[in-house]
Structures are given as structure tokens and as C-alpha cells.
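**Q** Listed below are the residues making up each chain.
Number of protein chains: 2
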Amino acid sequence: MLKIALSQQNYHIGHFAANTEKIIRAIRQAEAADVDLLVFSELCVCGYPPRDFLAFDDFIRQCYAVIETVRKETSRVAVIIGAPQRNPQKEGKDLFNAAWLLHEGEVKGVAHKTCLPTYDVFDEYRYFEPAFEWSVIPFKGKKIALTICEDIWALSDNPLYRTAPMDELIKSAPDLMINISASPFDYDHDDDRKEVVRANVLRYRLPMIYCNAVGSQTEIVFDGGSLVYNAAGKLVKELKYFEEDFAVVTMNDDMYRTADTAGALRAMDKEMRVSRISDPDKIIGFLTNENNIEQIFRALVLGIKDYFSKMGFSKAIIGSSGGIDSAVTLAIACEALGAANVRAVLMPSTFSSSHSVDDAVALSRNLGNPYDIIPIKNVYDAFLQTLEPVFSGTTFGIAEENIQSRSRGNLLMAIANKFGYILLNTSNKSELSTGYGTLYGDMAGGLAVLGDVYKMQVYALARYINRNTEIIPQHIIDKAPSAELRPNQKDSDSLPPYELLDKVLYQYIEKQQGPQEIIDQGIDEALVRRVLKLVNMNEYKRNQFCPIIRVSAKAFGVGRRMPIVGKYLS
Amino acid sequence: MLKIALSQQNYHIGHFAANTEKIIRAIRQAEAADVDLLVFSELCVCGYPPRDFLAFDDFIRQCYAVIETVRKETSRVAVIIGAPQRNPQKEGKDLFNAAWLLHEGEVKGVAHKTCLPTYDVFDEYRYFEPAFEWSVIPFKGKKIALTICEDIWALSDNPLYRTAPMDELIKSAPDLMINISASPFDYDHDDDRKEVVRANVLRYRLPMIYCNAVGSQTEIVFDGGSLVYNAAGKLVKELKYFEEDFAVVTMNDDMYRTADTAGALRAMDKEMRVSRISDPDKIIGFLTNENNIEQIFRALVLGIKDYFSKMGFSKAIIGSSGGIDSAVTLAIACEALGAANVRAVLMPSTFSSSHSVDDAVALSRNLGNPYDIIPIKNVYDAFLQTLEPVFSGTTFGIAEENIQSRSRGNLLMAIANKFGYILLNTSNKSELSTGYGTLYGDMAGGLAVLGDVYKMQVYALARYINRNTEIIPQHIIDKAPSAELRPNQKDSDSLPPYELLDKVLYQYIEKQQGPQEIIDQGIDEALVRRVLKLVNMNEYKRNQFCPIIRVSAKAFGVGRRMPIVGKYLS
Numbered sequence: 124m125l126k127i128a129l130s131q132q133n134y135h136i137g138h139f140a141a142n143t144e145k146i147i148r149a150i151r152q153a154e155a156a157d158v159d160l161l162v163f164s165e166l167c168v169c170g171y172p173p174r175d176f177l178a179f180d181d182f183i184r185q186c187y188a189v190i191e192t193v194r195k196e197t198s199r200v201a202v203i204i205g206a207p208q209r210n211p212q213k214e215g216k217d218l219f220n221a222a223w224l225l226h227e228g229e230v231k232g233v234a235h236k237t238c239l240p241t242y243d244v245f246d247e248y249r250y251f252e253p254a255f256e257w258s259v260i261p262f263k264g265k266k267i268a269l270t271i272c273e274d275i276w277a278l279s280d281n282p283l284y285r286t287a288p289m290d291e292l293i294k295s296a297p298d299l300m301i302n303i304s305a306s307p308f309d310y311d312h313d314d315d316r317k318e319v320v321r322a323n324v325l326r327y328r329l330p331m332i333y334c335n336a337v338g339s340q341t342e343i344v345f346d347g348g349s350l351v352y353n354a355a356g357k358l359v360k361e362l363k364y365f366e367e368d369f370a371v372v373t374m375n376d377d378m379y380r381t382a383d384t385a386g387a388l389r390a391m392d393k394e395m396r397v398s399r400i401s402d403p404d405k406i407i408g409f410l411t412n413e414n415n416i417e418q419i420f421r422a423l424v425l426g427i428k429d430y431f432s433k434m435g436f437s438k439a440i441i442g443s444s445g446g447i448d449s450a451v452t453l454a455i456a457c458e459a460l461g462a463a464n465v466r467a468v469l470m471p472s473t474f475s476s477s478h479s480v481d482d483a484v485a486l487s488r489n490l491g492n493p494y495d496i497i498p499i500k501n502v503y504d505a506f507l508q509t510l511e512p513v514f515s516g517t518t519f520g521i522a523e524e525n526i527q528s529r530s531r532g533n534l535l536m537a538i539a540n541k542f543g544y545i546l547l548n549t550s551n552k553s554e555l556s557t558g559y560g561t562l563y564g565d566m567a568g569g570l571a572v573l574g575d576v577y578k579m580q581v582y583a584l585a586r587y588i589n590r591n592t593e594i595i596p597q598h599i600i601d602k603a604p605s606a607e608l609r610p611n612q613k614d615s616d617s618l619p620p621y622e623l624l625d626k627v628l629y630q631y632i633e634k635q636q637g638p639q640e641i642i643d644q645g646i647d648e649a650l651v652r653r654v655l656k657l658v659n660m661n662e663y664k665r666n667q668f669c670p671i672i673r674v675s676a677k678a679f680g681v682g683r684r685m686p687i688v689g690k691y692l693s
Numbered sequence: 124m125l126k127i128a129l130s131q132q133n134y135h136i137g138h139f140a141a142n143t144e145k146i147i148r149a150i151r152q153a154e155a156a157d158v159d160l161l162v163f164s165e166l167c168v169c170g171y172p173p174r175d176f177l178a179f180d181d182f183i184r185q186c187y188a189v190i191e192t193v194r195k196e197t198s199r200v201a202v203i204i205g206a207p208q209r210n211p212q213k214e215g216k217d218l219f220n221a222a223w224l225l226h227e228g229e230v231k232g233v234a235h236k237t238c239l240p241t242y243d244v245f246d247e248y249r250y251f252e253p254a255f256e257w258s259v260i261p262f263k264g265k266k267i268a269l270t271i272c273e274d275i276w277a278l279s280d281n282p283l284y285r286t287a288p289m290d291e292l293i294k295s296a297p298d299l300m301i302n303i304s305a306s307p308f309d310y311d312h313d314d315d316r317k318e319v320v321r322a323n324v325l326r327y328r329l330p331m332i333y334c335n336a337v338g339s340q341t342e343i344v345f346d347g348g349s350l351v352y353n354a355a356g357k358l359v360k361e362l363k364y365f366e367e368d369f370a371v372v373t374m375n376d377d378m379y380r381t382a383d384t385a386g387a388l389r390a391m392d393k394e395m396r397v398s399r400i401s402d403p404d405k406i407i408g409f410l411t412n413e414n415n416i417e418q419i420f421r422a423l424v425l426g427i428k429d430y431f432s433k434m435g436f437s438k439a440i441i442g443s444s445g446g447i448d449s450a451v452t453l454a455i456a457c458e459a460l461g462a463a464n465v466r467a468v469l470m471p472s473t474f475s476s477s478h479s480v481d482d483a484v485a486l487s488r489n490l491g492n493p494y495d496i497i498p499i500k501n502v503y504d505a506f507l508q509t510l511e512p513v514f515s516g517t518t519f520g521i522a523e524e525n526i527q528s529r530s531r532g533n534l535l536m537a538i539a540n541k542f543g544y545i546l547l548n549t550s551n552k553s554e555l556s557t558g559y560g561t562l563y564g565d566m567a568g569g570l571a572v573l574g575d576v577y578k579m580q581v582y583a584l585a586r587y588i589n590r591n592t593e594i595i596p597q598h599i600i601d602k603a604p605s606a607e608l609r610p611n612q613k614d615s616d617s618l619p620p621y622e623l624l625d626k627v628l629y630q631y632i633e634k635q636q637g638p639q640e641i642i643d644q645g646i647d648e649a650l651v652r653r654v655l656k657l658v659n660m661n662e663y664k665r666n667q668f669c670p671i672i673r674v675s676a677k678a679f680g681v682g683r684r685m686p687i688v689g690k691y692l693s
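Chains as they are written, first to last, in this note's numbering: chain A, 124 to 693; chain B, 124 to 693.
Some hints here could point you the wrong way.
Treat identical chains as interchangeable: a pair holds within one or across any two.
In silico DSSO-like cross-links for lysine-lysine, where the CA-CA straight-line distance does not exceed 27 Å [unchecked claim]:
#, residue 1, residue 2
1, Lys357, Lys317
2, Lys541, Lys656
3, Lys602, Lys357
4, Lys690, Lys500
5, Lys438, Lys656
6, Lys541, Lys634
7, Lys664, Lys677
8, Lys231, Lys656
9, Lys317, Lys634
10, Lys266, Lys231
11, Lys357, Lys263
12, Lys195, Lys690
13, Lys602, Lys613
14, Lys500, Lys541
15, Lys690, Lys145
16, Lys690, Lys541
17, Lys438, Lys690
18, Lys265, Lys357
19, Lys634, Lys213
20, Lys634, Lys664
21, Lys541, Lys613
22, Lys231, Lys126
No lab work stands behind these hints: they were computed from the structure.
Let's have the full structure, built from the sequences with the hints guiding it.
**A** Printed below as a string of C-alpha cells:
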């Protein structure tokens, strides 16, 4: 009776020494638990996604060196690790994305990934040749159908790939399926993943061991949640979310026993075809429901924590305006790094309302994080005075508003440079979409916490943060949002109400709906065209923005690739 | 006897009205010249590369609408245009990258691209399904083997693709090859392109019509240079470089007459295997040779011109320091936009040498462009005074240097915002590589002119600009480079000599050589490791940088995708 263990770990891209140590530590743990086979996640040897590091032969040689080290560490316990493999054929790309079965000091089998995700944040066909041969791997009397991440996602009516590798592997009558993954989080993804794994189990009538990565890599959060299903389609084991984990499952006869799955499969197929949010009136409710918001909160905490630790930093600095975005960012950063490691800087101007400083001070007192108050008046005045020969005769406008915002960005960066902080950016997705921000001003920072979070979700996060006690002062949540760059300015002077704006943005950005589709859902045509134009016109600004922690199914940062000079809807 | 015309034009991505007008205007021109077949370039309908616009069904519908319009315009003259085509099969991506033959108001044939470049700046597999069926298209008694760009590039010993579509098409005994392309410029690419087109001609013993795009799309410069070869391998027609062009070729019997090409093919194969710069001592000479520098100059002029016109701007602003980088940028911008449209701003500090302002003034007088002198002392002092409560007790360092640089960035952006300029960035590739620049300071700007140009190439560009008369004052070329952010600062305090640095950077960035390979070429190990570490550590800075006009074979902007949290050689 096979004992199989899953090792769900947080790797560091290119940090071969650290990754090797994690792998070997898990092997020792598996040996102690008398495990037969220990499964790791996709490309665990080098970390996922390694991106253009894969273009360096030196990098590939280092991957092979780790495989050699791990191979020698396998005696009783077999391991499945993920690492690139060189393509021996001349034709096609030079590498495969591979899963290696190592046992008794030998390479016992290698499987290549067939379905190479090349969309959103994924670029796998940039580096890898898809598999074109498939065979099961024998292990202790069982035949393993070994696949990699996306390989099991080609089940829909309109699959992205012409070949589903399990359809090939099933011809060799495997006994069980093992899938090693690096499948990122989005706030609607945990259900998808379970459905897809279960759909494979029901279709191929085999048990499935699914081992995912955990941890954040720049902007992509891997949330773990590795899974084991028995052949009848029952969830046997679910590993932790947003944390490293290790679990052992005993593959007794029950695990292989099939049931009549045809009915369940039909029901599931039907359910998967129904979009969860086909009704436009349900979008805001969907975006802000508590389950999604709690997951977003956890993802953002992990995203900050891992960005800092992997960059070798421990302390953050944040511009604290007394507004909702900086308040939520500050609270999440304090959760991730500890309040003592998060420095808030309040930078009032003559246009700041009196409550702004009070609210920001109250917030930092609630959180217990250090803060400074640094008025920008002198810097702003020096800019205006210096520019007087050039600006004289012109009237107050965008240029002057931006000077204030950039003065703040400059002050924050100066303190960050002086003492070794990373500046956390506080812009939300709604304002980034519409270009309602200042390059090098409030758009400055090393990592954007809320860049993939709509304004309505920022409010929901604030409510979530305050679920037990008032951490974010209620006044911050209640007051009308304002950039406070001119007297009595309000966001609503320039933008539609966020409840309406976010609905349009969601359909355009995440659902790729064109103007007519959105108008047909009953939203005012002029408003739709204006919003879409704003989004497209401001691509040049977002192009210079920092990494955005990805929480939605359609990344708003590195996974969005728009032509800047494009003249489409703009 | 067929008369075939090539229309080499500058399209605007997503600007369907403008692209349609260009296509129809060329059809009228072809009708007047009594042409049988008019060939356009790849994806001319929507502009190349359309990137994620392709995810919008609305965008595809607009492409189809243009095809419909053009179809109705074809009566006597047949046209070949490039546009996406929907994939009727459920499996695989939903689109093909297609070439459409339209004639007599009908779609007479469609060819799909097989080899989808997914490397460097290219992401085609992100959007398109590769062709899996191939057939020649009959036209007026001839059989056309119609392919798209990369399709003819799979000839090497180690091709990126498992299928070469011409190997399939040749089975149907075509009479001629037509390839529609959007093949970008790099300073070593014109020769490659001719070699590849000729290698196809020699191998398949057929004439080739090769129609390329021209014009710049954000950072990618398409340089035109469309080609016609007869079946014997002779170049019959070469269209203009960096300009729109139109040419007619008469396909007389000579065009189809083959010669014994085996010998020529063998010689060419051998030559293509020899890297042009395998000798490290020849790198700097290669990078700075006059032919390459002249081409870079022309590409940068076109890159600026098209970026401005496609973004709807006409005027640039540039920080003019009296150094070589801003001098070369200014000269190129004046060539692209006209001197009257380029405003130089001189922003001396107390650390600026006396000659800096004099040199920058002399430069602008030579160029005839307007300039302002705006000292930064008051702004800098206001920052220091404002930060005094936070900075007191610390010593002058990077933070204070960056404040100066960001004060300048802020002043330039303020003037740009006030009067509607685009700020042109002046950073060179050598300093960007090593992180020798200030985020939001000298790294600010909407477009980087020299970001893909090594420092040694910047000097060569200066000499090229001065080839007839001294435009850039000789003192700017001769003096030791300095950021002038602290007393007596020199680049050489922080960086190795540029002649050495550029050699290491070239091998690492463009040739993907690892540390050992570079050390083995006789360069000091400590220096190599330090440079590679600097490059990798500073990925986070470049991630926020503006688009860089691509002139090298390996883009340093959008075509470079490195993990920011990566821990490789850093």
C-alpha cells in the first residue's frame, strides 16, 4: 500500500541553495514518516515563474545541479520534483517544463508539460516546447499518469489546447494521477481548482494527488490548497491555504475504488458552463462578498510579507493621507510586517482638510505603528517660486496638483532611501484604471498593495479589518473620497460614482466586454465610452507603475499587455 | 504575366479608420499601375503588435469590418492583407494570425501563420493558434505559397519550431512564395533578413515577394526594407528603409527561372553558423561601427517621431545637463520633431560644474532649440529643511543625491504637464543596466531614447551627429562623465570603465552568457560578478521605467521579463 506525501512549500526564484534545502528537509520528513513517494510542486527547483532566467544556460546548469543533489538524497523515498529538462531534439524550443521521478539514486521517469499557459501572467511557450509523447511511469506496481499544472485544465467545451494529455495517458491504463502545480491565487480560484481536479477524477475514474506551490513571487500569489481525491470523486485531503504544509495519504484500496461518476460529471459540466456572475446587478455584491474579501486580505498579507523577505527588506513606509486607500494599505502592511516595521508619513498641504491629519493620527494610534507629520508647504512653495519664470500668467491646474503629489512622493522616497524602507503604494484599481493618479507622485512605490482591488472592495476590506474592533476610524470610511489637491476637491468631480465605475471596469478589464456589450446591459452609453477611453488613454501611466499584487483572475499588472500608442476606444 | 505590387506602410495599432484609408489608397495606386496583386504587411488591418486588444471580441469584429470594406474595394486588383481570423474549431486558441487573399469582391484564400514568435518582444502564442493545415492558393494560373513573417525563419540547424510551413507547402508545387511580415529593426537585422529570405529562395527554388511593415509602435521600430528575389536568388527589388514605400514588380519568366543553387545554399548555411562577433575583443568595434550607428540614429528618429504622432503630441521637453547623454538625446529629438518643438531645461545645482551650463547652452544654440535655465537650489534646500526633523544626525548620501535628481524630474514634469510636452528620458543602457539612475528622477519620462544604447554607442552617436559640423560641443564629448550629485563625482567612482562595462553587459544581456562564460573570455572574475549582480539587483527599477526604443536584437524593455524578487547572481 503506497504512502504518498505532498510537500507544499514557498520557493524563492533562482535561490537554488534555499530551494534545495527545503526539498531535502521534506525528504527527511518523509523518510521519518515511512513514505514511499514524496511529491513537490511545479518547477520547485528554480521557483515559479523563473521567466527569462531560463534563457541562461548557466541557470539551467544550476537546475541540473540541484536535480543531481536531490537524486543522490533519494534512497527509500522516491520524489517527484519540478525542473526544466533540455530538449534533445533539434527542432522546437530547447527546454521542457518537466516533472522528474527520482528514486534509489536514479532518474526513474520524466514527464513533460503539454499545455503551456501563455496568457495573463503566464509565458510558458516563451520558454518551453510542449510535450508530444506521453507515457505512464511505473512505480512499485502502480502506473502513474504524471502531469503538470495546466495539463489538467483542458476540459472545457472550448479548450485552449488541441491535446489533453490525460486523454493520451489514459490509453496506458494508469492507476493514479499525480499533478504538480504552480497555480496562482485569485479570489474566485479555490472553487475552480477543486472543480477541475474533481472533473478529472470523475472523467478518468482515477485518484488524483495534486500538489501546489505556496508563497508570493513579486506580484503572483500562490495559495497552496493542495488536494487529494479518491477515484470516486471524494476529497480526501486538503492542505492549508497561504501557508506551507506537509501531508501524508495512504493509498489504500478505497482510494482506487471507482463509483458511477457519469451523473456527477454531467451535473458538474452543466454547472461549470454557468458563469457565476452573468447578471450585471450582482457584480458589486460578488466583488465585495465577505468570503472573497477575506481571501484577498490573506493574499495581500502574504504578498507583502514575501516581497519584503525575498527582496531582503523588513520595513515599509507609507504615505498616510487620512483617506481610505492608505488606511487599508497601512492596516494590511502592519498585519504583514508588524506595526513597528511600518512607518506612516502624514504630509498635509494647505488644501488638506483639518480632519485628514486627525484621522491618520487616530489610525496609526489604533494600529500602534510609528508616524511622522511633515507638511509639504515649503517644498510646494519652492517649486512654484522656482517655476514662476516659466509658469507666470498661467492659472492653477493639473500641473500644480501634480507638484503636490510629487512633492509627497519625493519626501517618501527620500526617507525610504535614507533609512532602507520600501515605499508601499496605496493606489486602488479604480483610480489606476482611469488615470486618476500622478506619475512619480501617489503612483510612486515599490509594490502596489491595492492596485488590483477596486474601490468598492477597498471599502469592503476596511469593514473586514474593522470586523472585531474599530481599527480604521469610521470617519475615514464614511467621508467622501478626495485627493485634496485643490480646495473642496472630490473624486466625484472627475469620476462616476464608484459603484457604477467599478461595474464598468470589471466588465471591461476582467471580462473583456466591449463597449456595446456593456451598454447593452443598461449602462449609459456616454459614461461607458468615457470610462473605456480613460482606461485606454492611461496605459502609458500604468506602464511605469510598480508590481501590483494580483488578486483577480485577470492581472492588472504584468499580465496585462496593451499597446501604449494604441488608438482603440481612445 | 503577373504584376505584383508591395505596399509598405506605417499603420497605427487599433486605429481602424486610418489603417483602412491607407489600404484603400494603395489599392487605388495599384489600379492606376495596372497591378494584378497588391501585397500588404502582417496584421496591417489592426496594426502590429495589437497585444491584448486581441482579447476583445469587439476588436476582432472591427478587424472583420475592415476586411469587409477592403473586400468590396477589390475588383480588378487582388490584395493580400493581414488580419486575425477566428478559429472555427473548438480546440485551441480562438484566433489565427492570417493572410487573406481578396479578389473580385470575394475571399479567395486564407493562410494561417504556423511559427508564432513567442520570445523577446513577441507574444504571438498568447493570442493565436498555430496553423496545422497548409495549402497553396491558386491565383491567375499560378500557385502561391503564402506565409507570414516568422514562418520563413525556421531554417537553422536548431529551429524554434517543429514544423516549417514551406516544407509542407512545397509538396503542392507552388510557383512563387509571398511572405507578409512585421519584422522589427535591430542594428544587425537588415543583413539577417536578406539572408533568410534568400536562403528560402535558394532552398525552395522559387521567387519570393516579402512585404514588411514600417513605422514605430511604442518601442518597436519596423524598418521596412521589403524585398523581392527571383528564383535564382537574385535581389530584384529592395524597398526603402524607415519610410513608407510602394513598388511594382513584373513577374516575367526570368523571375521563375531557377539556377543551380546548391552551392550557394551550402556556402550560406556555413556562413550563418559563424557568429559575427564570437571574438570578445571585437564587441565594442561591432557595437560602434558607423553602419550600425547610422541605422540606430535613423531608428531613434523614427521611434520618437511615431511615438509623438501616434500619442497625439508634437512637443518634447528634455533635461539638458551638459552631459553626453542629454546632448545626444536632444540632437536626435530635434531631428525627429524639429528644433522649435524641443525645449531643453538646464537645472544646475550647487554641485554642477561651471562648464555644464555653458556646454548645454552652446549645444542648444547649435541646435537652435529653445531652452530655460532653472536652478534647483531653492527646491533642494526646501526638501532638506522639510526633512530636517527626520534626517538630523545623518550624513549626506544617496538620499540627498536622489533628492536633487527627483527635484529635476519634478520640475520637468511640472512644465510638461503645464504646457503639454512629453518628457524624453536620456538614460543610456549602461547606466540603466547597473542601476546608476534615480527612480522618478533622471529615470522619469514618457519615452527613453537611449535606453537600448550602450554608453560607448552614445559616444559613437555623438561623433555621427557631428560628422559634418560640430553640433555637440567637443567638450561635452571629451569630459569625464559625471552625474554631478556630489562634489567632484565621476561615473568611474562607481562603475568600471565603459569600454569594459559595455562588453560585459553585451554578453550578459544580449548573448545570455553566464558568469563563467564571460570570465573564461579573460575578464576579471570579481568585476564580472559585480556587474551581473548590479544588473539583476536593479530589475525593480527598470520595471518602472518608460518604454525604451528597441534597437538591439534583444530588447531591454518590454522584451525583457525578469523576476523582480529573483535571487539569481544577485
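**Q** Are the hints correct? Go through all of them and say.
**A** Comparing the hints with the structure gives:
no.: 1; hint: Lys357 / Lys317; verdict: within (11 Å within a copy, 61 Å between copies)
no.: 2; hint: Lys541 / Lys656; verdict: between (40 Å within a copy, 22 Å between copies)
no.: 3; hint: Lys602 / Lys357; verdict: neither (49 Å within a copy, 74 Å between copies)
no.: 4; hint: Lys690 / Lys500; verdict: neither (40 Å within a copy, 41 Å between copies)
no.: 5; hint: Lys438 / Lys656; verdict: between (38 Å within a copy, 23 Å between copies)
no.: 6; hint: Lys541 / Lys634; verdict: neither (43 Å within a copy, 36 Å between copies)
no.: 7; hint: Lys664 / Lys677; verdict: both (19 Å within a copy, 24 Å between copies)
no.: 8; hint: Lys231 / Lys656; verdict: neither (56 Å within a copy, 37 Å between copies)
no.: 9; hint: Lys317 / Lys634; verdict: within (22 Å within a copy, 43 Å between copies)
no.: 10; hint: Lys266 / Lys231; verdict: within (12 Å within a copy, 51 Å between copies)
no.: 11; hint: Lys357 / Lys263; verdict: within (24 Å within a copy, 64 Å between copies)
no.: 12; hint: Lys195 / Lys690; verdict: between (57 Å within a copy, 25 Å between copies)
no.: 13; hint: Lys602 / Lys613; verdict: within (10 Å within a copy, 51 Å between copies)
no.: 14; hint: Lys500 / Lys541; verdict: both (22 Å within a copy, 20 Å between copies)
no.: 15; hint: Lys690 / Lys145; verdict: between (49 Å within a copy, 15 Å between copies)
no.: 16; hint: Lys690 / Lys541; verdict: between (42 Å within a copy, 24 Å between copies)
no.: 17; hint: Lys438 / Lys690; verdict: between (41 Å within a copy, 19 Å between copies)
no.: 18; hint: Lys265 / Lys357; verdict: within (21 Å within a copy, 62 Å between copies)
no.: 19; hint: Lys634 / Lys213; verdict: between (40 Å within a copy, 20 Å between copies)
no.: 20; hint: Lys634 / Lys664; verdict: within (22 Å within a copy, 31 Å between copies)
no.: 21; hint: Lys541 / Lys613; verdict: between (34 Å within a copy, 22 Å between copies)
no.: 22; hint: Lys231 / Lys126; verdict: within (18 Å within a copy, 62 Å between copies)
In summary, the structure is inconsistent with hints 3, 4, 6 and 8 from the numbered list given earlier, while agreeing with the others.
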